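Two chains, each in its own frame: build the complex with the hints.
Chain order of the listed sequences is W and D.
Position one of the first sequence corresponds to residue 1 (our numbering), numbered consecutively onward.
Position one of the second sequence corresponds to residue 1 (our numbering), numbered consecutively onward.
If you are wondering where the hints come from, they were derived from the structure by calculation, not from laboratory data.
These figures come from a predicted structure and were not determined experimentally.
Don't take every hint at face value.
[Unchecked claim] One side of the interface only, derived from the structure: several residues of chain D facing chain W at Cβ under 7 Å:
#, residue
1, Phe58
2, Ile125
3, Val128
Positions of the beta carbon are idealized from the N, C-alpha and C atoms, including for glycine.
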Amino acid sequence: MTDTSGGLPERPLSPHLQVWRWHITMTCSILHRACIMALYVGVLLLAGWALALASGPEAYATYTGLLGSFLGKLVLFGLTVAVLFNIAYAVRQTVWDAGKGFTPKVADMSGACAIAFAVVGAIVVWVIAAQTGAL
Amino acid sequence: MAHSTSGRFRTPMSRARGLGASHHGVGHFITDRVSSVALIPLTLWGLFAGLRLASLGFDGASEWVAIPHNTVLLCLLLVVALIHLKGAVQVVIEDYFPNFMTKTVLVLANLFVCVLGGALGVVSILKVAFTGVF
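Just chain D, with the same shape it has in the complex (with noise of 0.2 Å):
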């Protein structure tokens, strides 16, 4: 915290001001009971897909990816799973590195490798999609 000499000057109030919650509490809550009552049906369609992919080669997992209603529902899988588990592992962050830069560092890390890994899925899985197999 910034200790200037203007501080002196300062009521108790001003120095209270800005300190609190910034309000963005009730979004993250939302954000993350929203993502995971989406999750239910979503993994346990995964499951599914999973247990299917699973007994598929290179070429029959290609066409199943190609089918619409699997390409739409594997990008929302991995999609809405990386949003809540952003969410999730920031918290996680946040309640074991107390220190600044640490804390900062790793928020942001986890922030980068979430949305980085959405979008190399989502590109692979349309890629897989819109050019089939060769």
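Here chain W stands alone, though its shape is the one from the complex (with noise of 0.2 Å):
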């Protein structure tokens, strides 16, 4: 990092995790991080998918086998959730780039939204897996 203390005592730190009581905007903030991680994870498998289905019908029921197995859809179902939270997150930051819903009581609303529509949304589109036999 460039030193910027241009010589000056050294100055206090940003409080940091443990200092802050937990609220709404705060979890949406790190959930959203926590997710942007896990969809590393699972633009790499979309690739490791692709590959696998390039390489032929053994690799892509060896591939497809892993993602159905208890261990896959655990980590799908997760994949799923990320994917809506950050579809939700990115109108949330969206209106924020247009200077609006930056109230205590609108950002905690949207946050809280976010949060269930990702959970919800989630629920529905593994039910609709579900009743067209993807699962």
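Here's what the structure looks like:
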């Protein structure tokens, strides 16, 4: 990091996680970052899926077998939540970019909506998956 | 920072020059915001595609990928997601790794992983789309 102290005495750091009272906007921010890391794995899984498909039926069967296992399904469900949360978060951030939605009440509400949308949406997607024989 | 003997003769202004913002911040911000907006419809389509593909076997999936609009949207989803995530993960790395060497290695690794993942994915999708099921 660039030394910005300019020879001045060391300054206090900004307060970190442990000194903050948990609230919903902070939870959303942390959750968003966690989702980003999860989706990083998810998009590489997508690239891997394409590679398996291009490699032939055996490779594809092995790969989809892994994704279809209990652990694979757990990961995919988590990724569904992460995708939906990020969609809601992108809408929320676009509204913020327009300079709106910053009052504590609205920010709390939009955060709660984003989490609810992700959880309910993921359950709906998986119910549809079960009904269309995708599971 | 270099502390050469000539440093004694430099004015505070000349020392400060070049140490500020690199003026690339706006570009990063716009890339982040635009890719995020583009990903709203793309990821929604991706969920739909995932539901569809999960019920198809190898042959069905190959045929599905070969339909032109699916080929294009799949490639776009992969590339736009990787552009967005490359920037997002770089911010995370820069936040948590103050050590210059560690940070540089991780930022480069992130770039290489994203480019490699994107290239492998896009070429694979196009191969299936162009050569079809054997």
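**Evaluation of the interface hint that places Phe58 of chain D against chain W, nearest CB under 7 Å** = With Cβ-Cβ at 4 Å, under 7 Å, it holds.
**Item:** Status of the hint placing Ile125 of chain D at chain W (closest C-beta pair under 7 Å)
**Value:** Hint on Ile125 of chain D: holds, closest Cβ of chain W at ~5 Å, below 7 Å.
**Message:** Val128 of chain D was flagged as interface toward chain W. Is the shortest Cβ-Cβ separation under 7 Å?
**Reply:** holds (5 Å)
This entry satisfies every hint, going by the numbered hints stated previously.
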